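Assemble the dimeric complex from its two separately framed chains, guided by the hints.
One letter stands for each residue in the lines below.
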Amino acid sequence: MKKIEAIIKPFKLDDVKEALTAAGVIGMTVSEVRGFGRQKGHTEMYRGGEYTVDFLPKIKVEVVVPDERAGKVVELLTAAAKTGSIGDGKVFLSSLEDVVRIRTGEHGETAI
Amino acid sequence: MMPVSQKLNEGGIMSIVRLVSFVVLLAASAGASLAFAQTPAPAPAAPAAVAPAPPPSKPDPAGTATGGIGDVSAKTAGKPTVEELADFVGHNRVAINFVWVLVAGFLVMFMQAGFALAETGFTRAKNAGHTMMMNFMVYAIGMTGYWICGFALHMGGLGPISTLGGTGVLDHEFVITLFGKEFGLFGLKGFFLAGSTYDVAVFALFLFQMVFMDTAATIPTGAMAERWKFSSFVVFGFFISMFTYPLFANWVWGGGWLSQLGKNFGLGHGHVDFAGSSVVHMVGGVTALAGAMVLGARIGKYNKDGSANPIPGHNIPMAALGCFILAFGWFGFNPGSTLAGADLRIAVVAVNTMLAGAAGALVAMFYMWIVYGKPDPSMLINGMLAGLVAITAPCAFVSSFWAFVIGAVAGVLVCWSVFFVERTLKVDDPVGAISVHGTCGAWGVLSLGLFADGTYGDGFNGVEGTVRGLLYGGGSQFVAQIVGTLTCVVFIFVASYAFFKVYDLAFGMRVSPEVELEGLDVPEMGGHGYPEVQGPGTLVHGLGHGAAKPAAVMTGVMATERGH
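So the protein lines, in turn, are chains F and G.
Under our numbering, think of the first position of the first sequence as 4, with each following residue one higher.
Under our numbering, think of the first position of the second sequence as 26, with each following residue one higher.
Chain G with its partners taken away, still in its complex shape (with noise of 0.2 Å):
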């Protein structure tokens, strides 16, 4: 292999003429046989289009005069009817609402890179492959769970799509009939995406909403991170995304009863939850904590008295870039749920869910630094990733000022939770998932019913009216947001706690002690997350004696393990 600048000072400058002018051949080439193949392409209402106008002669560099009225898919081009352009709109806005969901959706596909960072950073060297493969394959159970009920559960009965071209094929319901109204409890339409849903606009959807149920359902691998057995925990990446998940998910998203409290019983507009604080964060959060109880702590992480150690995380630097991918998913997560690019709201989204996200960072920095004395980088990262969960409900329905004070109280409310969850109920979350996602989810969620303004969400769940909280005049709407947040908590726990426990006697759901202390890498995965670091160094496996026993394995371990 010769180097590439040894190659060029051979040739010196005219083969650089020569292949410069040559690539640009090529990429004109190609672009004119590209532009051949598609200008011919007819629009499916009128397939004995006439001779499209012609491609634009000359270059247009200020891209003023590119795209026109000979875009217009027209029986006589140039030449559009009324109906013509009409349709041509209606088409146009449907497929930039399709371009913004799937867009948004590959953003949120990237938050589970940022929750694998951001929980193996907050954990120990030892089970950094174990904790790093929890979230790997969540995503790939998750998604093949969710393709195969799941979505049906979840999505369904939802009937029109309308942002997606009102497409109804998922139209089926199960409901159930109390005090005269109809609770309907889980979709039964979409099962592998098959037959009549195999459907652009539910395929679009699908994509959104698996990516959102796989952020649900890689957060209790954080909490339960570093004493769950890998097999334990395949089994529940399919029990979430197959069964808990969608049927909540149902009630708030699905057309299911929560989203029915303002039509059937008048409060607000039924429980609202615009992108998931309680619908992903706090089902994550709450079956983390659910996970984590029946799980019990890591060995050093209680003294006999009942005081807590600290276990650092092997690597900040790790956490603070998973966070950071999380913020930038966070713009496809809660703009997107808007489910439409052409609803100019998702500006407001946008910055709100920024805004929030600073105001949690800045807010648990000075906690911090106040309290204990030094603005420690693992509770920034919580409280960035607090402040985003909680504007994750109101996000849409909030002005700026009250995006940064959610955001500002999640900042604080995820630290004094943290300490909570650690030092009074005694669960041991080594990232802090519970406190981040439950605590500040259900923050989020009941946010809404205190500061939504009433400038936007006229008809969200067929309630006419402007989604008000209650400082805005809507008393009912924070009351909706109650019953949500109650509901959530009380199902979500018991089915999870349920799953847990049953599992747990009939299986077993933790390794070994001894696994636990040598770390989960090679006992569980079968080698170690940084081989050169922890296991026999790489010149001894260049022997291939295999000689040396792992002796490195225990210096290895970065947190000192105590207590017992």
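Bound conformation, chain F alone (with noise of 0.2 Å):
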């Protein structure tokens, strides 16, 4: 099993989840989260005077997949998160040892 987790921008959230349900991720966890890469935040305006915001807002996905899935699945999300511009997010992907639901106690890729 593949754990992908992406660092998009928030108004991508839409697209990505549409992207990615279709291609047979049945659940994900969204989080609000605030971070930095190369650009290091950028400028605003109040009163006449700039300030920096260093920690931007973005949206972070985290969906586990099938190793076998695991490409397709990063190929497709990077896809729809992408605008071209700086500060379009990164994607993680890392191994993961295991999956518990808890209600049945199953492991593995049956608890997905």
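Incorrect hints may appear among the rest.
Some chain G residues near chain F, calculated using beta-carbon distances under 10 Å [as the list claims (entries may be wrong)]:
#1 Ala333
#2 Lys399
#3 Val437
#4 Cys440
#5 Gly457
Simulated from the structure, these hints should not be mistaken for laboratory data.
Here the structure is a predicted model, which is why all the values come from computation and not from measurement.
Positions of the beta carbon are idealized from the N, C-alpha and C atoms, including for glycine.
In structure tokens, the structure reads:
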């Protein structure tokens, strides 16, 4: 199993959700997060003064998929989240040891 | 509980019809009994009033037949004598003025809500409860202080209230004599509205003047927000409503010495301030300056090299709504200051007021757009307020053209002033109160001395002739405006600074840095303004363990705390 964590632009969430559900991903976890990458935030104006917003608001999407589908899902996710401008975010792919469905106690891929 | 729609479906159409007819019958019978209760009310002058004119037997949808000679109180119904008619007309005129003064006062009262929203929107979420409650409690505190002695010091020597029936019970002004002229300093009638001031005209005047005082009292809370101890604010609320505001207001509106500059020294009509650019707004703005200076800047506002960091407010929509509510309340503030609904100049006053507000917002928008690249919302909001503040003094005396100009100048002035206060004076004013109310208040008072066009104000402050500014041949009026402005700045600044400084040395006015960084809501008020956003989540509360330390407090901070 693979765990995919994607940091995306907040307004891309719907596109990403649609792309992943169309690809058969049946569940996902989404959280509002803040952070920065190479661009180190951006500046805004208030009453004629500039200030830097260091931590930009982003959305983190977490999905777990069987190994064989991970590549396809990452590909779809990346395409859906892409705008081509800076700040599009990142996708992290990692191996996952186990999953437990709390209600039934099932383990592994059947629990996804 | 059954949803309404379901109820209706069950009974079908017939039940609706029955319901409607029942309501109509009920209303009709209530109306009949009300009419019965009202019609026999005798005029006090003619207790033996004979049978009143019968109420119209037919409905009057056009409204042309309702009201007529039968409504004039007369010994012989329908045949009033000339005296009876004149008495009725006079009573009616004063009644119109009473209703006008009271309704205008209610509008001004609502400006408290505008201030509360504007100031809270312009400050950070972690202080929302504290900022809101200062604006909320100043209404209660100020009113109490004003009732105790503020009103008496302010209006106790006013003399007859001409538009409200000429009641002359406010007749005791404390006066000193200098250069052979009398200088009224404060009134001495009307403490607790007791004794001979238990009078309808005095009460109407009290309501109207109280909400004005409260406007002045709530202005400093914006400049001093986000670091002011609530206890210290409470004491201040009494101080301004009982002493500083009433004294200066007496000098201008209560028959005091500034209003007599014309009579005594030939300076125009004395210091003229129609609705309070100086009395209300400058008093608030200058007090705000003194308070913000004593308190010092918020942590993170200034860097070590002295440059300023913006600390954005947490809710621009809230601030904009507050501004709109203020603009709405201003229709009570300025037109109401005629104290007479029968004075038809109110139309000019109302139009001038709205024009100046529009001009202020418009010019501030273009100024910020051109100079800083974007039409900054916070400055547009302050631009409209600046225009409204500036037109407050001259609103009754200028043409619409000058009203627009006065507002437009205020729109630029407020931008300059905000940057001057922030970058040159290095005084931290979170909402811009010093600039909006102090600077633009001064501009408003002076603009009256320039642009008053002589179409209104005959006999104002006991001086014959209409009010004329410098451009219309009234140079001495401009001098009177300068004297009034300087008096306001010097007296209010010195008195307020002394009060704040002494209080600060004795008890401390400012919260600790820890409290300031965490936000004043919990340490000062006991709870967050937005508990679900900032505090431990509601789920944690629901479990009843009080488990989580409110770690979210620090992440809820909207602005970055830099520079320290």
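Okay, the hints, checked on the actual structure:
1. Ala333: holds (6 Å)
2. Lys399: holds (6 Å)
3. Val437: violated (13 Å)
4. Cys440: holds (7 Å)
5. Gly457: holds (8 Å)
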